[in-house]
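Work out the full structure: start from the sequences and follow the hints.
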Amino acid sequence: MTSLYLTEQGSVVRQTGDRLIVCRNGEPLAELPLLKIERVIVFGHVHLTTGAISALLRHGIDTTFLSWHGRLKGRLVPLESKNIPLRLAQYERTRDQQFTIGLARKIVAAKVQSSLRVIQRYRRNHPDWDDQEAIFALEQVLGSIDRAVTLDSLRGLEGHAASIYFSSYGRMFRRSLRFDKRSRRPPRDPINAALSLGYSLLFGEAVAVVSSIGFDPYLGFLHAPDYGRCSLALDLMEEFRAAIVDRLVLTLFNNEVLLPEDFTTGEGVWFSPEAKKRFLSEYEGVMQRAFISRHTGHRTTFRRLLWGQAEHLAETVKTGSAYTPYVAEP
Amino acid sequence: MPVKRVMFYIISYDISDNKRRAVICDILKDFGTRVQYSVFECLLTEDQFTVLFHRLRSEIDPATDSLRCYRLCQGCVDEILLAGRGDITTEPDVYIF
Numbered sequence: 001m002t003s004l005y006l007t008e009q010g011s012v013v014r015q016t017g018d019r020l021i022v023c024r025n026g027e028p029l030a031e032l033p034l035l036k037i038e039r040v041i042v043f044g045h046v047h048l049t050t051g052a053i054s055a056l057l058r059h060g061i062d063t064t065f066l067s068w069h070g071r072l073k074g075r076l077v078p079l080e081s082k083n084i085p086l087r088l089a090q091y092e093r094t095r096d097q098q099f100t101i102g103l104a105r106k107i108v109a110a111k112v113q114s115s116l117r118v119i120q121r122y123r124r125n126h127p128d129w130d131d132q133e134a135i136f137a138l139e140q141v142l143g144s145i146d147r148a149v150t151l152d153s154l155r156g157l158e159g160h161a162a163s164i165y166f167s168s169y170g171r172m173f174r175r176s177l178r179f180d181k182r183s184r185r186p187p188r189d190p191i192n193a194a195l196s197l198g199y200s201l202l203f204g205e206a207v208a209v210v211s212s213i214g215f216d217p218y219l220g221f222l223h224a225p226d227y228g229r230c231s232l233a234l235d236l237m238e239e240f241r242a243a244i245v246d247r248l249v250l251t252l253f254n255n256e257v258l259l260p261e262d263f264t265t266g267e268g269v270w271f272s273p274e275a276k277k278r279f280l281s282e283y284e285g286v287m288q289r290a291f292i293s294r295h296t297g298h299r300t301t302f303r304r305l306l307w308g309q310a311e312h313l314a315e316t317v318k319t320g321s322a323y324t325p326y327v328a329e330p
Numbered sequence: 001m002p003v004k005r006v007m008f009y010i011i012s013y014d015i016s017d018n019k020r021r022a023v024i025c026d027i028l029k030d031f032g033t034r035v036q037y038s039v040f041e042c043l044l045t046e047d048q049f050t051v052l053f054h055r056l057r058s059e060i061d062p063a064t065d066s067l068r069c070y071r072l073c074q075g076c077v078d079e080i081l082l083a084g085r086g087d088i089t090t091e092p093d094v095y096i097f
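Protein chains in written order, with this note's numbering: chain S, 1 to 330; chain C, 1 to 97.
Check the hints yourself; a few may be wrong.
Claimed, not checked - On the chain S side, residues computed to face chain C include the following (Cβ under 7 Å):
1. Tyr5
2. Glu8
3. Pro260
Note that these hints are calculated values from the structure, not bench results.
As the structure is a computational prediction, the values presented were derived from the model and not from experiment.
Where a beta carbon is used, it is the ideal one built from N, C-alpha and C, also for glycine.
In structure tokens:
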């Protein structure tokens, strides 16, 4: 099923019958049957008429609003019956320290392992490149996860692993591109800008998935509750960051689908409108591409895996059964 | 997230009354792509097609109008030949505007 991205600033989306009409300067650009659309992602100043909004709600189309730069602003949520038993179980589990730390450990371990696999795959494809040091350091972190007894120490380990990983990750890009560490709000270089946008898109999907299953997206296990932060969506996203976004960004720059010239520098570094469209279409390609996953053992897509993991998490929360996080394919 | 199989339908109509023709055309636009003046190509699941067909059937005048729906299997879709304007309707993965 199809995703609709609306990026054209100042465009108007209206509805007639069971179709959306996208207009720019009063000229219709396209007519799209609502039947064909599964999700809509709106960037910045795009005007949706009330008719269009109610049509989206009526069709149960998941609609996410992002700022032009990609920060999640909110979602359109239809009044549907919510899974109250799951929420109650979720609230109870977050008070259960044993359960919380157990789950958080698994998420962090999966994240570190995924980082390792990104490095190892790159090393396999580029025999002249090596980063033994980072691999060794990450393996050490992996070994100490089981000994972390508090969430704070676990988050510390995660941060430590992330900084090792990103310094190694930065060296995988061609020389004209500089990337030393993650910077956000604003991103300081094109790689950070691309990572930020990718993570935002993934985050938007994670929020949508956990919410529609019936979870309270604000209450997580690894991520501390914070005012207005969708911690559970962040938890779910950890399993997929490296596999989806980090690998996509690396490929796009190294294959010169994205170039440094595609970005404008001001207070931060931002995509040009045209390059953003290219990025969105590549991101969709990754989310929809079918592959045989080691995790499920059969053909799937990242979008289905994200759903599968959220359902798996719901099962764990309800029954206390073991949780197996997704780890990036080697 | 269940995945439903989508089939390729060709729907053509011959309708005597202008107003009724406009109604039929409007319904079809909700479901597919207009490829010729009175021919649509629609990629639909069986359930979606059933809904569409019932809506169309309730609008026509059976005494004077005619409506034809053909369902093609994937093998037949691959064998479609075109001359002149237009493309074979495909299911887009993403729309970006």
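Verification of the supplied hints:
1. Tyr5: holds, 5 Å
2. Glu8: With Cβ-Cβ at 5 Å, under 7 Å, it holds.
3. Pro260: Violated, because the Cβ-Cβ distance from Pro260/S to chain C comes to roughly 22 Å (cut-off 7 Å).
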